[in-house]
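Protein chains in written order, with UniProt numbering: chain L, 1 to 569; chain H, 1 to 569.
None of these hints come from the bench; they were simulated from the model.
Be aware that one or more of the hints could be misleading.
Which copy is meant is left open, so a pair is good if it fits within one copy or across any two.
What the hints assert, rightly or not - Think about it this way: if two alpha-carbon atoms lie no more than 35 Å apart in a straight line, the pair counts; the simulated DSBU-like pairs of lysine-lysine are:
id: 1; residue 1: 559; residue 2: 178
id: 2; residue 1: 182; residue 2: 378
id: 3; residue 1: 36; residue 2: 182
id: 4; residue 1: 325; residue 2: 443
id: 5; residue 1: 36; residue 2: 124
id: 6; residue 1: 559; residue 2: 435
id: 7; residue 1: 443; residue 2: 86
id: 8; residue 1: 559; residue 2: 124
id: 9; residue 1: 51; residue 2: 178
id: 10; residue 1: 325; residue 2: 178
id: 11; residue 1: 182; residue 2: 8
id: 12; residue 1: 325; residue 2: 124
id: 13; residue 1: 51; residue 2: 325
id: 14; residue 1: 559; residue 2: 51
id: 15; residue 1: 36; residue 2: 86
id: 16; residue 1: 36; residue 2: 178
id: 17; residue 1: 182; residue 2: 559
id: 18; residue 1: 370; residue 2: 178
id: 19; residue 1: 435; residue 2: 182
id: 20; residue 1: 325; residue 2: 182
2 protein chains.
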Amino acid sequence: MTHPLFTKHEATLDQALAAIATRGYWSPFSEMPSPKVYGETANSDGEAAFKAHLNRPFELDQPFSGETVGNERSPFGFELGIRYPKMDIDTLLAASTAAQRQWRAAGPTAWVGVSLEILSRLNKASFEIGYSVMHTTGQAFMMAFQAGGPHAQDRALEAVTYAWDQLRRIPADAHWEKPQGKNPPLAMHKQFTVVPRGTGLVLGCCTFPTWNGYPGMFADLATGNTVIVKPHPGAILPLAITVRIAREVLREAGFDPNVITLLATGGNDGPLVQDLALRPEIKIIDFTGSTQNGNWLECNAHQAQVYTEKAGVNQIVIDSVDNIKAVASNIAFSLALYSGQMCTAPQNIYVPRDGIRTSEGQMSFDEVAKALAAAVEKLVADPARAVELTGAIQNEGVMSRIAEARQLGEVLTDTQSLAHPVFPDARVRSPLMLKLDVHADAKNFTREWFGPISFVIATDSTAQSLELAGSIAAEHGALTFSIYSTDDAVVEAAYATAIHGGVALSINLTSGVFVNQTAAYSDFHGTGANPAANAALSDAAFVANRFRVVQSRAHVAPKAAAPTVGQTA
Amino acid sequence: MTHPLFTKHEATLDQALAAIATRGYWSPFSEMPSPKVYGETANSDGEAAFKAHLNRPFELDQPFSGETVGNERSPFGFELGIRYPKMDIDTLLAASTAAQRQWRAAGPTAWVGVSLEILSRLNKASFEIGYSVMHTTGQAFMMAFQAGGPHAQDRALEAVTYAWDQLRRIPADAHWEKPQGKNPPLAMHKQFTVVPRGTGLVLGCCTFPTWNGYPGMFADLATGNTVIVKPHPGAILPLAITVRIAREVLREAGFDPNVITLLATGGNDGPLVQDLALRPEIKIIDFTGSTQNGNWLECNAHQAQVYTEKAGVNQIVIDSVDNIKAVASNIAFSLALYSGQMCTAPQNIYVPRDGIRTSEGQMSFDEVAKALAAAVEKLVADPARAVELTGAIQNEGVMSRIAEARQLGEVLTDTQSLAHPVFPDARVRSPLMLKLDVHADAKNFTREWFGPISFVIATDSTAQSLELAGSIAAEHGALTFSIYSTDDAVVEAAYATAIHGGVALSINLTSGVFVNQTAAYSDFHGTGANPAANAALSDAAFVANRFRVVQSRAHVAPKAAAPTVGQTA
Chain L
1 MTHPLFTKHE ATLDQALAAI ATRGYWSPFS EMPSPKVYGE TANSDGEAAF KAHLNRPFEL
61 DQPFSGETVG NERSPFGFEL GIRYPKMDID TLLAASTAAQ RQWRAAGPTA WVGVSLEILS
121 RLNKASFEIG YSVMHTTGQA FMMAFQAGGP HAQDRALEAV TYAWDQLRRI PADAHWEKPQ
181 GKNPPLAMHK QFTVVPRGTG LVLGCCTFPT WNGYPGMFAD LATGNTVIVK PHPGAILPLA
241 ITVRIAREVL REAGFDPNVI TLLATGGNDG PLVQDLALRP EIKIIDFTGS TQNGNWLECN
301 AHQAQVYTEK AGVNQIVIDS VDNIKAVASN IAFSLALYSG QMCTAPQNIY VPRDGIRTSE
361 GQMSFDEVAK ALAAAVEKLV ADPARAVELT GAIQNEGVMS RIAEARQLGE VLTDTQSLAH
421 PVFPDARVRS PLMLKLDVHA DAKNFTREWF GPISFVIATD STAQSLELAG SIAAEHGALT
481 FSIYSTDDAV VEAAYATAIH GGVALSINLT SGVFVNQTAA YSDFHGTGAN PAANAALSDA
541 AFVANRFRVV QSRAHVAPKA AAPTVGQTA
Chain H
1 MTHPLFTKHE ATLDQALAAI ATRGYWSPFS EMPSPKVYGE TANSDGEAAF KAHLNRPFEL
61 DQPFSGETVG NERSPFGFEL GIRYPKMDID TLLAASTAAQ RQWRAAGPTA WVGVSLEILS
121 RLNKASFEIG YSVMHTTGQA FMMAFQAGGP HAQDRALEAV TYAWDQLRRI PADAHWEKPQ
181 GKNPPLAMHK QFTVVPRGTG LVLGCCTFPT WNGYPGMFAD LATGNTVIVK PHPGAILPLA
241 ITVRIAREVL REAGFDPNVI TLLATGGNDG PLVQDLALRP EIKIIDFTGS TQNGNWLECN
301 AHQAQVYTEK AGVNQIVIDS VDNIKAVASN IAFSLALYSG QMCTAPQNIY VPRDGIRTSE
361 GQMSFDEVAK ALAAAVEKLV ADPARAVELT GAIQNEGVMS RIAEARQLGE VLTDTQSLAH
421 PVFPDARVRS PLMLKLDVHA DAKNFTREWF GPISFVIATD STAQSLELAG SIAAEHGALT
481 FSIYSTDDAV VEAAYATAIH GGVALSINLT SGVFVNQTAA YSDFHGTGAN PAANAALSDA
541 AFVANRFRVV QSRAHVAPKA AAPTVGQTA
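My request is simple: use the sequences and hints to build the entire structure.
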């Protein structure tokens with residue numbers, strides 16, 4: 001019995017299956033906030049929907065006491081004033097557990113069909129979600145729309161597709177018939193049932209609540225688990241809207257909406273999360289956040305499958321270039337984009353202290369550093385345009401980190417406050433770039449400085465730059481790694497470095513692709529092979545252990561005739 | 001570049017891929033020790049090869065100090081007297097690490113091709129390995145040959161097949177081309193490299209050293225990892241022969257034989273194993289053994305992917321039967337086979353205290369218990385035939401457990417020493433069966449009594465039997481579960497119980513299939529859904545996290561022409 005929602009979306013799923021196999025470009029969701037695609041009034045409707053959430057209780061029909069929580073503040077300078085239902089953990093776990101039986105029994109095509117329908121509805125809400133992502137994370141609108149809307153939906157669909165790609169390999173039943181020489185064969189009928197783990201917990205982050213939260217959430221749903229979504233206290237709204245839409249779809253499809261629930265918190269939720277994460281009902285945890293919290297989950301939540309994305313040190317090795325301007329402007333864009341508040345943003349830029357070869361001759365280290373700094377300065381020269389790239393600083397922790405980083409070395413370009421033309425109280429800072437030395441400053445550049453902070457590091461040679469990049473990735477984690485070189489042997493050595501460090505390599509990016517961007521269905525986000533993440537988005541390993549298979553077997557009559565005396569084959 | 005050994009075995013691999021998809025009967029390895037299949041002198045040659053190992057050093061060209069270890073004793077009553085190279089852990093890890101680079105670079109078809117060639121050679125050594133399994137585990141020869149030879153090879157091939165089924169989904173490269181409206185598309189060439197985790201550690205058990213050891217070993221090899229095989233000190237020889245054969249194949253194929261190494265120990269190796277298991281070089285651990293040791297690994301070896309098979313309580317629910325004799329004789333066989341020293345052997349048999357329905361009328365609890373005991377007694381009535389079923393008791397721990405169990409309740413049939421016609425000093429015991437009560441004896445029957453020990457437990461009802469079976473499986477683990485019922489609704493309830501307990505169900509087994517047997521490619525062994533095992537043999541989850549993928553991307557020229565002004569689609 002194929003679920004009708006599966007049939008409805010099967011053509012999309014088939015295309016997605018082809019995309020993850022060939023890994024070329026594909027997406028069913030338009031990344032342009034175009035009125036032609038989303039409707040003439042989609043932008044204003046979405047903004048109005050966002051504004052309608054402000055300064056009032058968020059309606060969510062979950063079983064709760066009546067108390068509310070919520071302290072979100074837009075990095076663009078105002079309180080959201082939204083109050084969410086405060087959930088008691090025991091009540092929440094009981095509701096999630098109670099929803100399991102019917103959901104589990106519905107089977108794979110229902111799980112996948114419902115997941116795809118939710119995504120289709122989320123896509124229609126991309127503007128509302130986009131504005132919500134903007135005013136919780138500090139992303140500028142275009143990025144909030146794209147990364148928080150269609151790109152997040154792509155990563156979700158990718159996870160659903162991987163889940164289905166594994167689920168479809170489990171036959172519902174089998175006839176097993178073993179020859180027994182001259183005796184009749186042994187024959188058995190076997191039945192195979194996909195059994196979800198139980199309840200999954202998704203722990204969201206404050207910078208990419210949907211993009212980082214959706215893969216685990218949809219991998220759980222598509223494999224028949226129920227899900228508790230615990231957003232970061234600073235970025236609840238995008239996930240609250242998501243959960244509400246998902247619950248609507250579940251209810252319409254005849255399921256208990258508590259298959260997915262929201263656990264909103266008002267801040268300082270560490271002890272509550274630790275309690276919840278160790279509860280026996282929680283069988284899967286998807287986490288994006290600090291290394292400290294991620295490691296704690298990996299080392300303590302033994303009852304659960306734990307998938308983490310944590311801190312890392314992203315690196316760029318500059319060996320030689322054709323056109324330093326193209327290189328510097330590509331790198332500057334990566335540094336300025338959302339003020340470096342991306343897990344994929346580069347931090348360490350290694351340049352040999354003796355300089356590099358370019359098509360216009362040798363450039364000294366200082367000239368390269370200056371070109372990089374100049375490119376950043378050019379990008380942020382016009383604040384009104386710059387803020388559409390940098391967005392705002394998500395939290396005060398990033399602000400203090402910028403202040404602390406300014407003391408680490410010679411400033412190549414200093415951070416400055418940028419005036420936002422629309423939001424006068426927005427917390428906007430241009431990127432800070434410092435000059436460091438490979439020998440003197442290792443203790444500082446071997447850790448993550450999350451935010452608009454980068455280091456141009458003088459090394460003894462490209463060979464040393466590569467060795468360092470590989471060992472830092474392997475020991476401290478990394479999600480991205482770039483090489484700039486006109487020498488094929490160096491590029492090849494960089495790929496060997498990437499393999500050693502377990503990190504994806506981008507080679508000579510100069511045009512419209514940036515190292516901090518990954519494309520769903522094509523680029524794996526993270527590898528699971530270094531400390532920055534123990535999983536990749538998405539692959540078979542990300543989904544295959546979210547369900548198990550229980551089987552039965554019973555004798556049946558053989559289908560083959562027993563050999564007859566005198567008969568020859 | 002497809003490796004020649006992959007091409008050589010590709011037809012077998014294709015059949016194995018079809019088998020795991022349809023889960024019907026299939027095997028490329030003959031389970032009958034037939035001269036027609038294995039050669040006229042295979043049996044005597046194999047026995048001679050086994051005997052040639054006795055009382056001398058085992059030749060293995062691993063880097064070692066010259067010291068040797070080894071204290072194996074046949075449960076059939078003699079010292080093996082074999083001395084194995086004693087390995088220093090640092091030397092071993094260094095050798096395994098040094099072997100990684102070339103092996104990793106060889107790529108998936110080499111890993112899979114070499115694995116398949118090793119299996120083909122192991123199959124030819126099935127008699128030598130069979131005798132070695134017999135005289136380390138205590139299995140009777142036929143079982144030692146089948147479970148230790150072709151069936152273990154089947155489970156290994158199954159793991160290799162699952163590995164290949166995942167590996168083949170990763171394209172070597174991709175062309176990614178994203179339309180940009182009226183501008184030329186963005187185009188990138190991407191390269192994907194499968195990167196093994198590093199070094200795997202396989203921790204063997206003393207009852208099924210090859211059957212339980214091969215899946216992890218071959219899953220590691222087939223995904224490009226190097227492997228250290230640490231057999232149980234009581235059952236080294238079968239894995240030592242295996243490692244030697246694997247090293248020969250590796251060497252012939254031009255690889256460093258240290259891709260696979262043996263770590264033999266002389267007993268009391270707990271501290272050494274704990275040291276090794278936490279070493280950062282160890283990225284994967286496959287363990288079969290006690291719950292205590294398995295849990296320790298799961299909770300402490302955070303640097304590794306840990307796959308465990310531990311203790312469990314296997315259960316049979318008797319509700320109603322057509323033919324009690326057929327039921328009793330099937331169950332008795334399961335209890336006697338290898339003296340219950342199987343992780344799949346039943347232990348708890350629940351019968352309602354008010355008795356059961358049969359086609360010949362109602363039977364009281366005591367009549368059912370007596371029928372079960374009588375069937376066991378009949379099976380072991382002729383010691384010379386019985387020993388071919390029971391084999392010998394592997395170790396003194398099982399002997400003391402039998403003695404302890406005799407005190408737990410009313411004895412239905414007592415254990416007795418059986419004389420072995422060939423090996424007068426063999427440690428052979430017939431099964432012990434006790435009568436217990438569901439209310440009084442729960443503290444005893446909720447844990448595993450590994451060995452020829454079973455309990456017929458009086459319950460209040462079949463409903464209670466099922467409830468108990470499900471909750472014991474979920475809380476204490478179980479690998480097998482049987483229902484005997486002529487009522488479809490009860491069978492259906494038993495399947496719901498199996499899903500709750502995360503355990504495979506066998507329904508009304510009466511002819512030549514026994515609950516303790518699982519068929520590779522068709523039956524999953526373990527589910528990973530209860531405490532008896534955190535993984536199943538084999539499925540995608542068992543292999544997909546043993547490797548990771550590292551990619552690169554670089555700009556290339558688009559393949560599609562940019563839209564031309566005036567041109568319409």
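Q.
Of the numbered hints stated earlier in the document, which are not met by this structure?
A. Going through the list in order, the structure violates hints 6, 7, 12, 13, 14, 15, 19 and respects the others.
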